[in-house]
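Take a look at the letters that make up each chain.
Number of protein chains: 2
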Amino acid sequence: MSKKLKIGLFGFGVVGQGLHDIIKGQDLNIEVIKIAIKNPEKKRNLDKKLFTTDHQELLDHPDINTIVELIDDADAAYAIVKKALISGKNVVSANKKMIALHLAELVALQKKYGTSLLYEGSVCGSIPIIRNLEEYYDNELLHGISGIFNGSSNYILSKIFNEGMSYDLALKQVQDLGFAESDPILDVGGYDAKYKLAIATAHAYGLFINPDHILNIGIQNLSESDVKYAKEKNFKIKLVPTARKISTQQVITYVLPKFVRSDDFIYNVENEYNCVTVQAAFADKQFFFGKGAGGHPTGAAVLSDIAALRYGYKYEYKKYQQQNGLVHTDNVNLEVYLRYEHEYTVEKLKIENIRERFSNKDYKYVIGNVSLKSLLENRELLQNKDVFIAHTGKITYTAQQILGAKNNLLSIATLEN
Amino acid sequence: MSKKLKIGLFGFGVVGQGLHDIIKGQDLNIEVIKIAIKNPEKKRNLDKKLFTTDHQELLDHPDINTIVELIDDADAAYAIVKKALISGKNVVSANKKMIALHLAELVALQKKYGTSLLYEGSVCGSIPIIRNLEEYYDNELLHGISGIFNGSSNYILSKIFNEGMSYDLALKQVQDLGFAESDPILDVGGYDAKYKLAIATAHAYGLFINPDHILNIGIQNLSESDVKYAKEKNFKIKLVPTARKISTQQVITYVLPKFVRSDDFIYNVENEYNCVTVQAAFADKQFFFGKGAGGHPTGAAVLSDIAALRYGYKYEYKKYQQQNGLVHTDNVNLEVYLRYEHEYTVEKLKIENIRERFSNKDYKYVIGNVSLKSLLENRELLQNKDVFIAHTGKITYTAQQILGAKNNLLSIATLEN
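Chains as they are written, first to last, in this note's numbering: chain D, 1 to 417; chain A, 1 to 417.
Think of the hints as simulated: they come from the structure by calculation, not from any bench. Quick caveat: nothing in here was measured; it's all calculated off a predicted structure. Hints may contain errors.
Same chains, same names: a pair is fine if it fits in one copy or spans any two.
As the list claims (entries may be wrong) - Calculated pairs, SDA-like style, for lysine to any residue (alpha carbon to alpha carbon, straight line, at most 20 Å):
1. Lys4 to Tyr311
2. Lys6 to Asp60
3. Lys4 to Gln321
4. Lys4 to Gln322
5. Lys228 to Phe51
6. Lys111 to Tyr311
7. Lys24 to Glu140
8. Lys314 to Ala108
9. Lys285 to Asp264
10. Lys34 to Leu59
11. Lys6 to Glu57
12. Lys4 to Gly312
13. Lys318 to Glu31
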C-alpha cells in the first residue's frame with residue numbers, strides 16, 4: 001500500500017536520537033540504512049556499521065530513497081539537501097535557517113526533479129503548523145498568524161515572570177538544559193523565531209521573504225523596570241513573531257516582545273512550549289500548542305513528515321505558484337512601549353501620538369506609535385542595552401488599509417487585536 | 001501531479017454550503033459534478049442542473065470519483081457511504097454518529113475495495129485531530145486525550161458562567177443560532193461528544209468501542225447551586241470527553257462534566273469553540289483549539305480531507321490492525337462532586353472515601369470516589385433532575401495500574417491530572 005522508506009540519516013544529535021527512539025518498536029515500514037555523523041569516536045548504542053563520516057556514501061547509496069537531514073550547520077545542510085533532491089531522493093529536514101534562506105531554490109529543485117522536501121519539524125517542533133497552513137487556508141482568507149516560536153526565550157521569560165528569576169540566571173538554566181542555540185543571541189534576539197516566521201509566511205501567504213527584511217527585536221535588553229511595569233498592568237511579556245495581512249495586497253511581518261493579557265491563550269504558554277495562533281475567515285481562530293524544542297517533540301514532527309512521504313505527499317506551494325500579487329510592506333504603525341535613556345532615541349525612532357510618558361532618574365519610558373519602517377531603519381539603535389521595546393498589541397492602519405481590509409472580509413475588531 | 005477530483009456532494013445544508021463557499025474562487029483542481037438534495041423546491045443560488053434528488057444518480061455517475069457526504073441522517077449516510085466505497089469511489093464524510101457506529105465495517109470495506117474514507121470534519125470541526133492521532137502518536141506512548149468536543153453545550157456553559165444566564169435561556173439562544181442538534185439532548189446529554197470520542201479513541205488506541213459502552217453524563221441537570229459551588233472555588237464547569245490509558249493494557253473512556261481550573265487551557269475555551277488536549281510521551285502535551293461547530297469550520301476540515309484525497313491519502317488504522325492487546329475497561333475510580341436529594345443515590349452509586357459533605361434543606365452534595373462501572377450501571381438514576389455529577393479531575397488507580405503505568409513511561413503526576 002505505502003512505499004517502504006529506506007533512510008539515510010544525517011546527524012545523530014538530540015533530534016536524530018529522538019527520532020530513533022520514536023521509530024524503535026513501531027511497525028512503520030521504515031528502515032534506517034545508514035547514519036552520517038561528524039565524530040566517529042563518540043560512543044553510541046547502535047551497531048557501528050550503521051555509521052559513516054562520508055556524506056557522499058549516503059547520497060550515492062542505491063538502496064536509500066529518503067534523506068533525513070538533522071544537522072546544525074545550515075551551509076552543510078544546504079549542500080546535502082540540494083544534492084539529495086537533484087539525485088531523485090525525497091528529503092525531510094528540520095533546519096529552519098537553511099530552509100528560510102534557500103526556499104525559492106529548494107522549491108524550484110523539487111519541481112525540476114519531481115522530488116519532495118518536507119520540513120514540519122523546522123517550525124514549532126511538534127505542532128503541525130506547516131501542513132495546516134498549506135492545506136487549510138487560502139491566503140485571501142488568512143488574517144494573520146502569530147505565536148511563540150522559540151522555546152529558549154520563552155523559558156527565560158517564564159522564569160522571570162513566574163519565579164522572579166534574573167535574566168542571567170534564567171539564560172544559564174536554559175543553556176544547562178540543552179535546548180538553547182550555542183550562540184544565545186539566536187534565541188533571545190529573535191533570529192530563530194524570525195527564520196521560522198519566514199517559513200510559516202511562505203506557506204501562509206506564498207511570500208518568500210528574505211529573513212533580513214523581517215524585523216527581529218529580542219528580549220536581551222529586558223530590565224527589572226520593564227518586568228515591573230508589565231506585572232503592574234497584569235501583563236506578561238512574550239516574544240511574539242507575527243505575520244498579518246493589513247490590506248488586500250499587503251502583509252507585514254515582525255518579531256517583537258509583546259505585552260500579553262491573561263485572556264489570551266499565549267499568556268499560559270510557559271517554559272519551552274511553543275504555540276501558534278491562526279486567524280482566518282472560515283476556520284475563524286485556531287490555536288495550536290505543543291513542545292517546540294527538544295529531540296522528542298521535533299523527532300515526532302520529523303516522523304510525521306517521513307510517514308507522509310510514504311504516500312507521496314508534497315507541499316504544493318499553491319499560494320506561491322499562483323502569483324497572488326501580495327507584497328511585503330513596512331508601511332504600518334505599531335503602538336509600542338519604549339524604555340530609553342536618551343531623548344535622542346525617541347526622536348530618532350519618530351515615536352508619535354505619545355499617550356503615556358514616565359521619567360525619573362533611573363527609568364524612562366513612553367508609550368506611542370512607531371512605524372515598522374522606522375524600527376527596521378534603526379535596528380542598531382535598538383540593540384543598545386539602554387533601550388527595550390515591546391508591542392502593546394495595537395496596530396494603526398491608514399484609512400486605505402482599513403478599507404482594503406473591509407473588502408477582504410476582515411473586521412476592524414480583528415485588525416485591532 | 002495530483003488527481004482531479006470530480007465530486008458528488010450529498011447534502012447542501014450549512015456544512016455543504018460552507019464547503020462550497022470555501023472552494024469558490026480557489027484553484028484546487030476540484031469540480032462539483034452533482035449535488036443530491038432532499039427538497040427540490042428550496043431556492044438555491046446555483047444552477048438548477050447541478051441538483052438532483054436521486055442518490056443513485058451520483059453513485060452511478062461515471063465522471064464522479066469522489067463522494068462527499070454531508071447529510072444529517074446517520075442511516076441514509078451509512079447506505080450512501082457503503083455503496084460508494086464498494087463501487088470504488090473515495091468518500092469524505094462528517095457524520096460522527098454514522099462513523100462511530102459502523103467503523104469496523106467501514107474499515108473492512110476500504111481494505112477490500114481499495115478505497116479511502118476520510119472524516120476529519122466529524123470530530124471537532126476545524127481541528128485536525130484525526131490526522132494527528134493517526135500519524136503522530138504510537139498508542140503505547142499516548143497517555144490520554146480529552147477536550148471540548150461539543151460546541152452547543154460549551155456555549156451554554158459559557159453563557160451560564162460568564163454572563164449569569166439561565167440554562168433554559170442559554171439553550172434557547174444556541175438553538176436560535178442554528179448550531180444545535182435538532183434534539184438538544186444529543187448535545188447537552190453528551191451523546192454527540194461520545195460519538196466523537198469513540199472515533200478519536202479508534203485513532204488514538206486502535207480500539208473500536210461501541211458508543212453504548214461509553215459513559216456519557218451531560219449538563220442537562222446543572223443547577224444554580226452547582227454553578228455557585230464551582231464559582232466559589234474559582235472553577236468553571238466544562239463538558240469533557242476523555243480517553244486515557246491507565247495501564248499497559250487498559251483504556252478508560254467517559255464524557256463527564258468537569259471542574260476546570262484557571263491554569264488549564266480548557267478554562268478559556270468559550271462558546272462554540274472546541275479543543276483537544278493530547279498527552280504523550282514524546283510530543284509531551286499538545287493542545288489544539290478551533291471552531292467546532294458551523295458550516296465554515298467543518299467545511300474547512302472537509303476540504304482538507306478532499307485535498308488529501310488528491311494525493312491518495314488513506315487512514316492506515318495501524319494501531320487497530322496490529323492487534324495491540326489493549327482493552328477497554330471500567331475498572332477505575334473517579335473522584336466526583338455529586339449533588340443529590342435522596343441518600344439512596346449516594347448508596348446506590350457506592351460513593352466511597354467521602355472527603356466533603358454538605359447538606360441543607362435545598363442543597364446536598366458529597367465529594368468522593370465512585371467507580372466508572374457503577375456510574376455506567378446507574379445511568380438511568382443519573383438522568384434524574386435531582387442529580388448532578390461532575391468529575392473533579394482526580395482518578396484513583398489500583399497499585400497494579402500504577403505499576404503498569406510506570407512501566408509504560410507514564411509518571412504518576414501525569415496520571416493524577
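A quick look at each hint next to the structure:
no. : hint             : in the structure
1   : Lys4 to Tyr311   : both (10 Å within a copy, 17 Å between copies)
2   : Lys6 to Asp60    : within (13 Å within a copy, 41 Å between copies)
3   : Lys4 to Gln321   : between (30 Å within a copy, 18 Å between copies)
4   : Lys4 to Gln322   : between (33 Å within a copy, 18 Å between copies)
5   : Lys228 to Phe51  : neither (52 Å within a copy, 64 Å between copies)
6   : Lys111 to Tyr311 : both (18 Å within a copy, 16 Å between copies)
7   : Lys24 to Glu140  : between (42 Å within a copy, 12 Å between copies)
8   : Lys314 to Ala108 : within (13 Å within a copy, 28 Å between copies)
9   : Lys285 to Asp264 : both (12 Å within a copy, 19 Å between copies)
10  : Lys34 to Leu59   : within (10 Å within a copy, 49 Å between copies)
11  : Lys6 to Glu57    : within (14 Å within a copy, 45 Å between copies)
12  : Lys4 to Gly312   : both (11 Å within a copy, 16 Å between copies)
13  : Lys318 to Glu31  : between (32 Å within a copy, 17 Å between copies)
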